[in-house]
Amino acid sequence: MNSALSDVELSGAAESSSTAVSWGPIIAGAFAAATLTVVLMLIGSGLGLTMVSPWTGASTSITTFAVSAAVWLIVVQWLSAGLGGYLTGRLRTKWVGIHDNEVYFRDTAHGFLAWALATLLVAGVFGSALSATIGAGVQAASNVAAGAAAGASSAAANSAGSTDNNTVGYFVDQLFRPADTGTVAPGGQNDAGTTAQATRILVASAAKGEVSADDKTYLAKLVASRTGLSQADAAKRVDTVLAGIEDAKNKAKAAADTARKASATFALVGALSMIVGAFIASVAGALGGRQRDEDEALFVRG
6 MNSALSDVEL
16 SGAAESSSTA
26 VSWGPIIAGA
36 FAAATLTVVL
46 MLIGSGLGLT
56 MVSPWTGAST
66 SITTFAVSAA
76 VWLIVVQWLS
86 AGLGGYLTGR
96 LRTKWVGIHD
106 NEVYFRDTAH
116 GFLAWALATL
126 LVAGVFGSAL
136 SATIGAGVQA
146 ASNVAAGAAA
156 GASSAAANSA
166 GSTDNNTVGY
176 FVDQLFRPAD
186 TGTVAPGGQN
196 DAGTTAQATR
206 ILVASAAKGE
216 VSADDKTYLA
226 KLVASRTGLS
236 QADAAKRVDT
246 VLAGIEDAKN
256 KAKAAADTAR
266 KASATFALVG
276 ALSMIVGAFI
286 ASVAGALGGR
296 QRDEDEALFV
306 RG
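Residue numbers for the sequence shown follow our numbering, beginning at 6 and rising by one.
Honestly, I wouldn't trust all of these hints.
Derived lysine-lysine pairs resembling DSS-like cross-links, with alpha carbons at most 30 Å apart [as the list claims (entries may be wrong)]:
no. : residue 1 : residue 2
1   : Lys256    : Lys266
2   : Lys241    : Lys254
3   : Lys258    : Lys213
4   : Lys258    : Lys241
5   : Lys254    : Lys213
To be clear, the hints were calculated from the coordinates, so they are not data collected in a lab.
Sequences and hints are given; from them, build the entire structure.
In C-alpha cells, the structure reads:
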C-alpha cells in the first residue's frame with residue numbers, strides 16, 4: 006500500500022513539474038499551416054483574376070465570383086489547418102502516465118493553438134490587404150449613408166469653378182449645348198459666369214435632393230439664352246439633364262451599397278472559414294497524436 010502511494014505521489018510530482026504544452030510542435034505546425042495558407046491564397050488570387058475581365062460580358066457574374074471566393078476561403082482553412090494540426094499531433098513527445106482522455110484533450114488543444122498561431126502569422130502577412138478591404142467596406146457604408154450628393158458637392162467645391170474635369174461639368178456642358186450643333190450659341194459659349202451659376206445650382210440641388218421651381222426656371226432661361234432654344238425646349242432640356250443627374254446619383258449609391266454588402270459578406274464568410282479551420286485543426290491534432298502513440302506502441306511491441 007505504501008509503495009502504491011509513493012508511486013502516485015512521484016507521478017503527481019513529475020507531472021506538476023512539467024508543462025502540458027509542447028510549444029515546439031505547435032510552432033512547427035503553425036509555420037506549416039501559415040505557409041500553406043499563403044500558397045493557397047496566391048493560387049486563389051490567380052484563379053480569381055481569370056474570372057474577371059475589363060471586357061463587357063467576359064467576366065463571371067458577381068454571385069458566382071462571391072460564391073467561389075467563399076468556397077475557396079473554406080478550402081484554404083480546411084487544408085492548412087488540417088496540415089498544421091496533424092503535424093502538431095505527430096511531432097509532440099509521448100506523455101507518460103497520463104490518462105487517455107487527458108491525452109486526447111491535450112492533442113486537441115495543441116491543434117487549436119497551432120491554428121491560432123498560424124492565423125496570427127497570416128494576419129501579419131496579409132494585414133494591409135485585410136485593412137484595405139475592411140476600410141473599403143466602411144467607406145462604402147458611409148457613402149451610402151451620406152449619399153453621393155455630398156461627394157458631388159465636395160468635388161465641385163474643390164474644383165473652384167472649373168467644371169471641365171468632373172461629372173457636374175459634363176451635365177453643364179449638356180445644358181448649354183447649342184440647338185444647332187454646327188454653330189456657336191448666341192450669348193457666348195464660353196461664358197464662365199453663366200456656367201459657374203448653373204454648376205452651383207446643380208450641386209446645391211443635388212445636395213438637397215431636389216431642384217426648386219425657381220432654380221429650374223432660372224436654369225431654363227440660362228439655357229435658352231446660351232443655346233438659342235425656345236423657353237419650352239430649354240425647360241425640356243433642363244428636365245432631361247436633371248433626370249440624368251438623378252440616375253447617376255442612384256447608380257453611385259447602388260455601387261456603394263453593393264460594395265458594402267460584398268464587404269459584409271466577405272467578413273462573415275471569413276469568420277465562418279476561421280471557425281471551420283479551428284475545428285479541423287483541433288480534430289487533426291487529436292488524430293495525429295493518436296496515430297503517433299499507436300505507431301510507437303506497435304514499434305515497442307514489435
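Structure-based check of each hint:
1. Between Lys256 and Lys266, the direct Cα distance comes to roughly 15 Å. Compliance with the 30 Å bound is thereby established for this hinted pair.
2. The suggested pairing of Lys241 with Lys254 holds, with an alpha-carbon distance near 20 Å, which does not exceed 30 Å.
3. About 15 Å separates the Cα atoms of Lys258 and Lys213, which keeps this hinted pair within 30 Å; it holds.
4. Taken as a hint, the Lys258 and Lys241 pair is honoured in the structure, with Cα atoms around 26 Å apart against an allowance of 30 Å.
5. The hinted pair formed by Lys254 and Lys213 meets the criterion: a straight-line CA distance of about 12 Å does not exceed 30 Å.
Hint compliance for this structure: every hint is met.
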